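*Asks:* The chain contents come next:
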Amino acid sequence: MVLNCSDSDAKGNEIYALIKELFPICRSITGNGVRQTLEIIGKHIPLDIQEVPSGTKVFDWTVPKEWNIRDAWVKDSHGRKVIDFQKSNLHVINYSIPFQGRISMAELKSHLFCLPDHPDWIPYKTTYYEETWGFCLSHNQFLSLSDGEYQVFIDSTLTDGHLTYGECFIPGKTKDEILISTHVCHPSLANDNLSGVSTAAFLAKHISNQELRYSYRFLFIPGTIGAITWLCRNRDSVAWIKHGLVLTGVGDRGRITYKKSRRGNAEIDRAASQVLRQSADNYSIEDFSPYGYDERQYCSPGFNLPVGRFSRTSYARYPEYHTSADNLDFVSTRSLGETFERLNSIFRVLEGDQTYINLVPYCEPQLGKRGLYNQISPNQMAMLWVLNYSDGRHSLLDIAEGSTISFQSIREAADLLHQAGLLKEVSPGTK
Amino acid sequence: MVLNCSDSDAKGNEIYALIKELFPICRSITGNGVRQTLEIIGKHIPLDIQEVPSGTKVFDWTVPKEWNIRDAWVKDSHGRKVIDFQKSNLHVINYSIPFQGRISMAELKSHLFCLPDHPDWIPYKTTYYEETWGFCLSHNQFLSLSDGEYQVFIDSTLTDGHLTYGECFIPGKTKDEILISTHVCHPSLANDNLSGVSTAAFLAKHISNQELRYSYRFLFIPGTIGAITWLCRNRDSVAWIKHGLVLTGVGDRGRITYKKSRRGNAEIDRAASQVLRQSADNYSIEDFSPYGYDERQYCSPGFNLPVGRFSRTSYARYPEYHTSADNLDFVSTRSLGETFERLNSIFRVLEGDQTYINLVPYCEPQLGKRGLYNQISPNQMAMLWVLNYSDGRHSLLDIAEGSTISFQSIREAADLLHQAGLLKEVSPGTK
Amino acid sequence: MVLNCSDSDAKGNEIYALIKELFPICRSITGNGVRQTLEIIGKHIPLDIQEVPSGTKVFDWTVPKEWNIRDAWVKDSHGRKVIDFQKSNLHVINYSIPFQGRISMAELKSHLFCLPDHPDWIPYKTTYYEETWGFCLSHNQFLSLSDGEYQVFIDSTLTDGHLTYGECFIPGKTKDEILISTHVCHPSLANDNLSGVSTAAFLAKHISNQELRYSYRFLFIPGTIGAITWLCRNRDSVAWIKHGLVLTGVGDRGRITYKKSRRGNAEIDRAASQVLRQSADNYSIEDFSPYGYDERQYCSPGFNLPVGRFSRTSYARYPEYHTSADNLDFVSTRSLGETFERLNSIFRVLEGDQTYINLVPYCEPQLGKRGLYNQISPNQMAMLWVLNYSDGRHSLLDIAEGSTISFQSIREAADLLHQAGLLKEVSPGTK
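Protein chains in written order, with the numbering used here: chain A, 166 to 596; chain P, 166 to 596; chain E, 166 to 596.
With the rest of the complex left out, here is chain A (with noise of 0.2 Å):
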């Protein structure tokens, strides 16, 4: 039940390490993007991959056509290639159709993308159920075209196939399952969602080897679609689900910020309320909405699954979100380092959080003769609210808000109590 955290800030740099070994990659919601990413992942940690073909009923929702493309530019009438998807795959609207031909610079306006106040630059915008085709470009880059006729070229197809994903299953003592979502079909976008991606791996890596009371699924899905998918093919297992995350832009500078599951008060959310107000940091915690990433549908009201999200900035409040300006530098080892531990945190309380019952509820029980009584050790008020509070109706988490005792102390007096013979665990479920 003990999952240790080795150093933060190496684990920081592993992290960063495996963002920039995907970072070039140009995935989509589907195609060989996506399955090279799963590839890589998968020398990390045992990952299943599985493969939902075209045209697949999910829900109310059908899986889409394959996207891949090869090569991509805009050519002026001089033969430059002033547009170039092998310099930046933000080039290409995600999901655009194969096109080649020779166009006005009027027509060409029509394709073109691109973000007057950040004129450095280049917009991600895709097109998955709409087809045509378009290119993304800074605005310093639309201002130098000139007039006259260009060619266009996007070796792109757009076919039946299968939509990808892949899923990290770690058994522990019981089916009790802790869901972690990440999404992986954004092309080279460090933090949205590389940062969640590579954290995602290296927790899964980081408690494959640790006894775990609960199992732990990681999935490692395309947005929306992904997990519309999983959702169809899983839905007769969720019940399983007690708690889930879903991490997206965790490596930025900005705070963490957690925003709660659909229930407002389950207990991942306060596992995660408890450990961020036990940090020293400077964090947000939001309710839910019904917009934002995969949460979306985790928390649909026919699942209402208790699925939070945690990421740091939230998303569209940095203006790099969605931008070539969401680059390698944009993410800090510091900030995965920091997201890693508290995600480990989190771990740690809804691994270790139970509810006991005082088994000497009639007065307070003699301390001294059990060696347990020692006024200077800061264990002995922890001591006393668990003995107080373990009515069976409060569990360890329960003592730790009311005390304002860090959970982790609360933890280690009940194990203390517990030795002594002065507290009988509640059977899961009893509460």
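What the hints contain is simulated information worked out from the structure, not anything from laboratory work. In this text, all values refer to a predicted model and were calculated from it rather than measured experimentally. Any given hint could turn out to be false.
Distance condition first, Cα-Cα at most 25 Å in a straight line; then the derived BS3-like pairs of lysine-lysine [what the hints assert, rightly or not]:
1) E:290 with E:246
2) A:274 with A:246
3) A:340 with A:407
4) E:185 with E:370
5) E:290 with A:534
6) P:370 with A:230
7) P:589 with P:534
8) E:340 with E:589
9) E:240 with P:290
10) E:185 with E:240
11) P:252 with P:222
12) A:589 with E:246
13) A:185 with A:338
14) P:222 with E:534
15) A:185 with A:208
16) P:407 with P:370
17) A:274 with A:252
18) E:290 with E:252
19) E:589 with P:222
20) A:290 with P:534
21) A:290 with A:246
22) E:252 with E:240
23) P:407 with A:222
24) A:290 with A:230
25) A:240 with A:252
26) A:222 with P:534
27) P:338 with P:290
28) A:290 with A:274
29) A:208 with A:370
30) E:534 with P:230
31) E:252 with E:274
32) A:534 with E:340
33) A:338 with A:290
34) P:240 with P:290
35) E:222 with A:534
36) A:290 with A:240
Go by the hints and put chains P and E onto chain A.
*Replies:* Then chains P and E, alone, in the frame of chain A:
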């Protein structure tokens, strides 16, 4: 179900014109003043006039004798009228018994009332349940009285007769009722309560040619004894009252004050709060207390009806309250128009509140294929909220409260989703 | 039911005089000091003295051996007494075993305790559950000791005997009890806890000749082991305890602190809060925590009795705590008188709290015809609150809380309405 509001300034002018027409009449809790008032209101809306005989037992009370007055004055020893009912009906204490005779200044003084703090204002006083007589006058008028004998004349009658009230019932699709109650017993006071009387009349007129879910019942009744009489005679049908408002003092220039029903969290309380919160106005929401206007009767513990009170400046919190300064200048067409609009909005919330079930509750439905996906539409977010919370346990008002999106946007989103077949209405009462 | 409070300053003087009388006695958790103390208290109130043999099992604890001391000193090589029990009984660690012998300065030092931060104060220390001996002295005294041999003499006994406590039971109309518990085990410390002991004695005296709804039980017991012993011997009758207070440190000049029972919203918690809120004093209300005085035992999870703690400055939050500076100057007659008055007011709330049913619940009753209508009476508003909320679900204390009218006014209004036949008392327990 759509209650469209016409231009509020024009409405304010109409309401004001009726106040002006009703202002000169000397009303009381019984008598011809009320009859004459109801007759004028009856030109705007269909009004059912009830006459309840004096002596009728109504719960713990008895309908009093009917009071009427034709004239009253005090003349000094030179025969000059120093107090004259024809100049202001506030000069005679309401319900003064008939009197005539010559009395000394000393004796007269024991029957005179004025306001030294506001030397130009005439106070408004009543003596419903004590058979006596008296005059009100301005402090300056009082100071000008010299010693000597005075001739007093009060040409009133206090005899068995009737208590009169008017009722306007506008049937809707259901028997469930919204009650609007306003007191009609005060003489020449504009804000208290011709503002409530006239606003209620125009609200009734406004909605009477609209398609309504609820039936609406407007009561134009004497304060206290009127409400008690009405409740006594209708005790078996009050269960149809699902929401209610007492309207008093709605024309002054102060901010709107909503006083909650005794239940504290009735739908009317939440609808009023919602409307005021969405308005840009400054406003105040007060908890229930067992003092005030006829909400005292509707919210007595035996009834405990969901009836709140809608006012502007709270009664007795403005110095003009119950004085001749509560005149036609004290009310403003703008305030009246705004009050009208807010009340209409409250009706719209009550009419439009529904609980739905999302028929595609597992993951989000694909809005795009239904033409409902448009990221820049203000309805997009509202649709996500409605879909996520339409689990049969949250009404649209709940969702508006939770999302802080306006009720109107939530209602519009629900309409779009309902048309698209994504929502099913929960039958009322199932919630 | 009326507990009238006599002049609080006079009461403060009486309470102080008893503190002064009890101050010199060397008390401990057992022994003649407690017996002598109870004998003096017994001159004021009827006290049932209980003697419980050493070795008696009380829940998880065992009644200890009885400790008595006659004399103790340390002499230097010149035969001068450098530490003398006769000068202050704090000089000997409470429960020190008998000892006599000549020892070196080095060895002596390991048995000496002082407070460098407060060089003139003698600390108070105990060694109840470890058989050892020692002396406490001021830091200045300690600094004046020179090297050399010292003669130590402790004329104490620690042998099988008894634990002694006193109980004063004042029967009321019902068997339902209010428990007042105060620890009587500290030697010459004025605030902790002769203030509690003496205040409890005078409270018992004060109410003993009044008509009481509740029975009152005052316990004068050794801290911790005394409370445990009492609870063990009375475990079958604690269900009669409906409300309770632990009284400690009630004489210092700090503000009153009320610590809530473990239940957090027990009637005693609400009554105490109500009284403090209505007083003009600065005060503090604390949540329950499983540390402190004998509320730890009364609120242990097996009992969970509705027992709060009434103190002035919280224990250990004043530097004089557990030192010779907690002397007769540290307590004030004014504070004692005020404490007495507040406690008496809390009793008044508990005695006077009732739940009524309004017998005229449909609309307001006509107060005028019963002579209860007087708009300028302060009771008028209280009457409306009592009538409106007397639906069998709100007690007078609930109504006082909701209205922010003083409990006393609410109680008086209820009396008037009850006399007028408008209210019926709900039998206790029906609520």
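*Asks:* It remains to establish, for every hint, whether it holds in the given structure.
*Replies:* Hints, one by one, checked against the model:
1. For the proposed pair residue 290 of chain E and residue 246 of chain E, the alpha carbon gap of about 21 Å is at most 25 Å, so the pair holds.
2. Pair hint residue 274 of chain A plus residue 246 of chain A holds up; C-alpha atoms about 16 Å apart against a cutoff of 25 Å.
3. Annotation: proposed proximity of residue 340 of chain A to residue 407 of chain A holds, straight-line Cα distance about 10 Å (limit 25 Å).
4. At most 25 Å may separate the alpha-carbon atoms for a hinted pair to count; residue 185 of chain E and residue 370 of chain E meet this at roughly 18 Å.
5. Restraint check: the Cα-Cα separation between residue 290 of chain E and residue 534 of chain A comes to about 20 Å, which is no more than 25 Å; the hinted pair holds.
6. A distance of roughly 59 Å separates the Cα atoms of residue 370 of chain P and residue 230 of chain A; the hinted pair therefore is violated under the 25 Å criterion.
7. The suggested pairing of residue 589 of chain P with residue 534 of chain P holds, with an alpha-carbon distance near 19 Å, which does not exceed 25 Å.
8. For the hint pairing residue 340 of chain E with residue 589 of chain E, the CA-to-CA distance comes to about 22 Å; that is within 25 Å, so the pair holds.
9. Of the supplied pair hints, the one linking residue 240 of chain E and residue 290 of chain P is violated, its CA atoms being roughly 91 Å apart against a limit of 25 Å.
10. With a CA separation close to 30 Å, the supplied pair residue 185 of chain E and residue 240 of chain E exceeds the 25 Å bound.
11. For the hint linking residue 252 of chain P to residue 222 of chain P, the alpha-carbon distance of about 36 Å lies beyond 25 Å, and the restraint is violated.
12. For the hint linking residue 589 of chain A to residue 246 of chain E, the alpha-carbon distance of about 55 Å lies beyond 25 Å, and the restraint is violated.
13. Distance hint between residue 185 of chain A and residue 338 of chain A is unfulfilled; the C-alpha atoms sit about 35 Å from each other, more than 25 Å.
14. Distance hint between residue 222 of chain P and residue 534 of chain E is fulfilled; the C-alpha atoms sit about 14 Å from each other, no more than 25 Å.
15. For the suggested pair residue 185 of chain A and residue 208 of chain A, the alpha carbons sit about 15 Å apart, so the restraint of at most 25 Å is met.
16. For the suggested pair residue 407 of chain P and residue 370 of chain P, the alpha carbons sit about 21 Å apart, so the restraint of at most 25 Å is met.
17. Our distance criterion of 25 Å between C-alpha atoms is met by residue 274 of chain A and residue 252 of chain A, whose separation comes to about 20 Å.
18. In summary, the hint linking residue 290 of chain E to residue 252 of chain E is supported, as the alpha carbons are separated by about 16 Å, within the 25 Å threshold.
19. Between the alpha carbons of residue 589 of chain E and residue 222 of chain P the distance comes to roughly 23 Å, so the proposed pair stays at or under 25 Å and holds.
20. Of the pairs offered as hints, the one joining residue 290 of chain A and residue 534 of chain P holds, with about 20 Å between alpha carbons and a cut-off of 25 Å not exceeded.
21. For the suggested pair residue 290 of chain A and residue 246 of chain A, the alpha carbons sit about 21 Å apart, so the restraint of at most 25 Å is met.
22. Restraint check: the Cα-Cα separation between residue 252 of chain E and residue 240 of chain E comes to about 14 Å, which is no more than 25 Å; the hinted pair holds.
23. Between residue 407 of chain P and residue 222 of chain A the alpha-carbon distance is near 45 Å, which puts this suggested pair outside the 25 Å criterion.
24. Distance restraint check for residue 290 of chain A and residue 230 of chain A: the Cα-Cα separation of roughly 18 Å lies within the 25 Å cut-off, and the hinted pair is therefore satisfied.
25. Under the criterion of a C-alpha separation no larger than 25 Å, the hint pairing residue 240 of chain A with residue 252 of chain A is consistent with the structure, at around 14 Å.
26. At roughly 14 Å between alpha-carbon atoms, residue 222 of chain A and residue 534 of chain P fall within 25 Å of each other, so this suggested pair holds.
27. About 44 Å separates the Cα atoms of residue 338 of chain P and residue 290 of chain P, which puts this hinted pair outside 25 Å; it is violated.
28. Proposed proximity of residue 290 of chain A and residue 274 of chain A is supported: the alpha carbons are some 15 Å apart, at most 25 Å.
29. Simply put, residue 208 of chain A and residue 370 of chain A have alpha-carbon atoms about 10 Å apart, close enough for the 25 Å limit, and the pair holds.
30. The suggested pairing of residue 534 of chain E with residue 230 of chain P holds, with an alpha-carbon distance near 16 Å, which does not exceed 25 Å.
31. Our distance criterion of 25 Å between C-alpha atoms is met by residue 252 of chain E and residue 274 of chain E, whose separation comes to about 20 Å.
32. In summary, the hint linking residue 534 of chain A to residue 340 of chain E is not supported, as the alpha carbons are separated by about 38 Å, beyond the 25 Å threshold.
33. For the hint pairing residue 338 of chain A with residue 290 of chain A, the CA-to-CA distance comes to about 44 Å; that exceeds 25 Å, so the pair is violated.
34. Between the alpha carbons of residue 240 of chain P and residue 290 of chain P the distance comes to roughly 21 Å, so the proposed pair stays at or under 25 Å and holds.
35. For the hint linking residue 222 of chain E to residue 534 of chain A, the alpha-carbon distance of about 14 Å falls within 25 Å, and the restraint holds.
36. At roughly 21 Å between alpha-carbon atoms, residue 290 of chain A and residue 240 of chain A fall within 25 Å of each other, so this suggested pair holds.
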